[in-house]
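Trainee: Residue-level listing of the chains:
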Amino acid sequence: MAAGPYNYSYIFKYIIIGDMGVGKSCLLHQFTEKKFMADCPHTIGVEFGTRIIEVAGQKIKLQIWDTAGQERFRAVTRSYYRGAAGALMVYDITRRTTYNHLSSWLTDARNLTNPNTVIFLIGNKSDLDAQRDVTYDEAKQFAEENGLMFLECSAKTGENVEDAFLDTAKKIYKNIQDGSLDLNAAESGVQHKPSNGPRGANLGGESSGNKDPCSC
Amino acid sequence: MASNEDSLINEIKRSREIVKSYDSGSFADIDESEVFDSSYYNKIDRFGFRHPEGYSETSDESKTKKKDISRLQKWDKYVKAKAGFRKDEKFRKRVYKGVPQRFRGWYWESMLDVKNTKDQQIHGNVYKNMTEKGRNYSPYIDQIDKDVNRTFRSHTSFEKRYQGQQKHLFNVLVAYSVYNTEIGYTQGMNGIAALLCMFLSDEDAFWAFSNLFTVEKYGMHGFFALGFPKIERFKELLQSLLKKHLKKLYKHMKEMNIVADTYVFKFFMACFAHCVPPSLMFRLFDVFILEGDKMLLAMGLLYFKKHSKKMLKMNDEKLYEYMNNTLPQNFGYPDDEVMTELMDLVDELQRSRTFINKLTQPDGKKECPNRFFMCNTEEIQKRIDCFEKMCIESLPNPSYLRIEEKKSPTKSQKSGTDENSATRNSKSSREMSPLQGQHSIDSADELSFSERSYIPQSQQAVQIVRSNSQPKTASPKKSPTKPAINHTVQVEIESQPVKVEKTNLNGSSVSDTDKKLARPASMYTNITSSADETNVRSSHSVNSFRNSVPSSPLNNGLLSTSHKSLND
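Going down the list, the sequences are from chains H and V. According to full-length UniProt numbering, the first sequence is numbered sequentially starting from 1. According to full-length UniProt numbering, the second sequence is numbered sequentially starting from 1.
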């Protein structure tokens, strides 16, 4: 482990949302473990994943909350939206219903996060092009109309998965640089590490960071 | 409007395709990512779970296997006991020591009173009717299908898409989704149902599942009901236990912002499946069936207690990693040790008055079913109407379902063979237990170690009925004006504390029960007849379904609202 109290300078909090079975947990697993989990059980409640990435020479720790997709779990998962710097909103390109539900997910995301939260639309299962039920163009248009970033990915092959997570981080970082994201604001979803520990009382499980990460 | 209808028709079409896929056991274009790669996981443990190359049984496990065999005789005595067996302290210890794999099905079935529950159905076979209804009209088919295919995929009987136990699990969940219409289907129910399906036939699994939901001792209804009221309550309870018994760890986890939602759902909804290795998972489920919901809290506490030293040194990231990846593979302690300590802990907690008080004070209504079971919710009714309008023929039950006809005596239930019979241990246990279920729970034999009494669900129904039949004034209020059974029909049960005399509760034979049910059944006729009207409306094409609809929603503890009152 690197010297010093932290080997990263920022913590960004992400949340992954979308209908059940669209591949949220598989995307997370592909991103953190770099492999596809074929026998991935469905998420009960919420799960947590993390990975350190680098953006513009800065080490950033991503804390990613993965949520259960079934409608009735929203009561639980809603509390994890707060203080998210990035929201990955996922649908399955082979199931139109999951695409049709995006507007309701988007409403939640808009209402429960702060205005600067970067929302990234992911059309998952791009490897199953033969069974495609949602075209790239219409999703692209939906994304543009709503000011979302957009990519089609495959948690199975790994295609574009890295980019989706990284592009979101780049955008957040850019927002910090140009001052549109106020780090001191509560629930910015970002913590700046090196100076004096945690900032803001973000709900939802940020490491408070006042302990040296164990290196035993 | 039209588009709404179109999407409903599309959904119905999709649901029917799914149902047919399970019936035929194949699907034209199975997505290869949905097929579990069994070539890599080619080592199979004694429970049927696959492991990757290089897996070998631990010495602990092979010891357990030997002990399992040496215990067969002792357990055989329980099985053969003509007058039923005493669920006494000795029996309790036996369960903690380990239920032999071979008797597990028998043990679950008798503890969960499956036989009696089935026997006390008075209007046809509920499971049969519910599978048929569910397969045609359940609004949850797509969701259930998605989850069936991600339930215990590393288990040999669940690995094949649309085949083997996946079929049975699918039908049990679909049937339950139109039976307990207050819940329908909540993600997480698949785990428990799958466990039961590993050792019981569909119909038995259905009733065992149902009793886990509605019998107060387990009260799983509250874990899955909308808003998850019991999860919330148990989360608080577990937190207060951690605070009291593992102060340092509690503080550490708080500092690390470890979110309880990441583990409580798995603990309580799935009884620690996916939190511990399979060998321990089965044993924990055995204890859950023995002790009821308090076990979940005791085990929750023990889970952290056993690893508290290590966890204290971990940051959030490592803690999550440890809980999600390490412990499900290797719990780090022999199962027997965990079991012994669990028993001690359950005892210890039981001695604590404050704990028991908190445990037994559910937020009444929220955690119990408040609605009649088997009613047509709006979503179900929409589908029934659509079937009628579009003249869609309803799908019959498939032949692979083992549904016992009510009249036939239960002695030989070996009807129906299954392509997957190798894993159906229940069969072998059946052969050894001709008397299964005949041990009615009489008062002396009641789980003396249980704080709350075990009340077979079907008998609860009797109690509910009685509570309603007593005050005559309560009945006219009900539903003549209502066009159909729907969720607004409620019975105000809580308002009348039911006095349950032990003598009534226990040892009532089936015929007694039927007599008791007879009168209230007529009391409910208005509801029943309105149910029939509903189905008449959807006549023609759904005839076959209508005929199979139970004529009364009364049987089988449709309401367990009486949890609380029964406890008084």
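Keep in mind the hints are simulated off the structure, nothing from the lab. Some hints here could point you the wrong way.
[As the list claims (entries may be wrong)] Between beta-carbon pairs, the in silico distance windows are:
| # | chain 1 | residue 1 | chain 2 | residue 2 | range |
| --- | --- | --- | --- | --- | --- |
| 1 | V | I356 | H | E138 | 30 to 40 Å |
| 2 | H | A185 | V | K93 | 42 to 52 Å |
| 3 | V | K20 | H | N111 | 15 to 25 Å |
| 4 | V | E388 | H | A186 | 46 to 56 Å |
| 5 | H | G158 | V | L226 | 49 to 59 Å |
| 6 | V | S24 | H | E54 | 43 to 53 Å |
| 7 | V | S24 | H | Q131 | 17 to 27 Å |
| 8 | V | N357 | H | E54 | 33 to 43 Å |
[Claimed, not checked] So, partial list: chain V residues that the calculated Cβ filter (under 8 Å) puts toward chain H:
| # | residue |
| --- | --- |
| 9 | H51 |
| 10 | E53 |
| 11 | S154 |
| 12 | K266 |
| 13 | Y320 |
None of the values given here were measured: they were computed from a predicted structure. Where is the CB? At the ideal position from N, CA and C, for every residue including glycine.
Trainee: Is 30 to 40 Å respected by the C-beta to C-beta distance linking I356(V) and E138(H)?
Mentor: violated (58 Å)
Trainee: Could you see if the CB distance from N357(V) to E54(H) stays within 33 to 43 Å?
Mentor: The hint (33 to 43 Å, Cβ to Cβ) is violated, given that N357(V) and E54(H) are roughly 54 Å apart.
Trainee: 49 to 59 Å was suggested as the range; check whether the CB atoms of G158(H) and L226(V) agree with it.
Mentor: violated (37 Å)
Trainee: Given a hinted range of 42 to 52 Å, is it respected by the beta-carbon distance of A185(H) and K93(V)?
Mentor: violated (59 Å)
Trainee: Given the hint of 15 to 25 Å, is the C-beta distance from K20(V) to N111(H) inside that range or not?
Mentor: Between K20(V) and N111(H), where Cβ atoms are some 40 Å apart, the hint is violated.
Trainee: Holds or violated: is there a CB of chain H closer than 8 Å to the CB of E53(V)?
Mentor: Constraint on E53(V) not satisfied, violated at 16 Å.
Trainee: Go through the hint on Y320(V) and say holds or violated, using the shortest Cβ distance to chain H against 8 Å.
Mentor: holds (5 Å)
Trainee: Indicate whether the distance between the beta carbons of S24(V) and Q131(H) respects the range 17 to 27 Å.
Mentor: holds (20 Å)
Trainee: Using the nearest Cβ pair, does H51(V) come within less than 8 Å of chain H?
Mentor: With a minimum Cβ separation of about 12 Å from chain H (threshold 8 Å), the hint on H51(V) is violated.
Trainee: Does the closest beta carbon of chain H sit nearer than 8 Å to the beta carbon of K266(V)?
Mentor: holds (5 Å)
Trainee: So, as I understand it, the hint says S154(V) touches chain H; can you test that by seeing if any CB pair is closer than 8 Å?
Mentor: Result: holds, 6 Å to nearest chain H Cβ.
Trainee: If I claimed the Cβ atoms of S24(V) and E54(H) lie 43 to 53 Å apart, would that claim hold in this structure?
Mentor: At roughly 51 Å between Cβ atoms, E54(H) and S24(V) fall inside 43 to 53 Å, so the hint holds.
Comparing the model with each numbered hint stated earlier shows that hints 1, 2, 3, 5, 8, 9, 10 do not hold.
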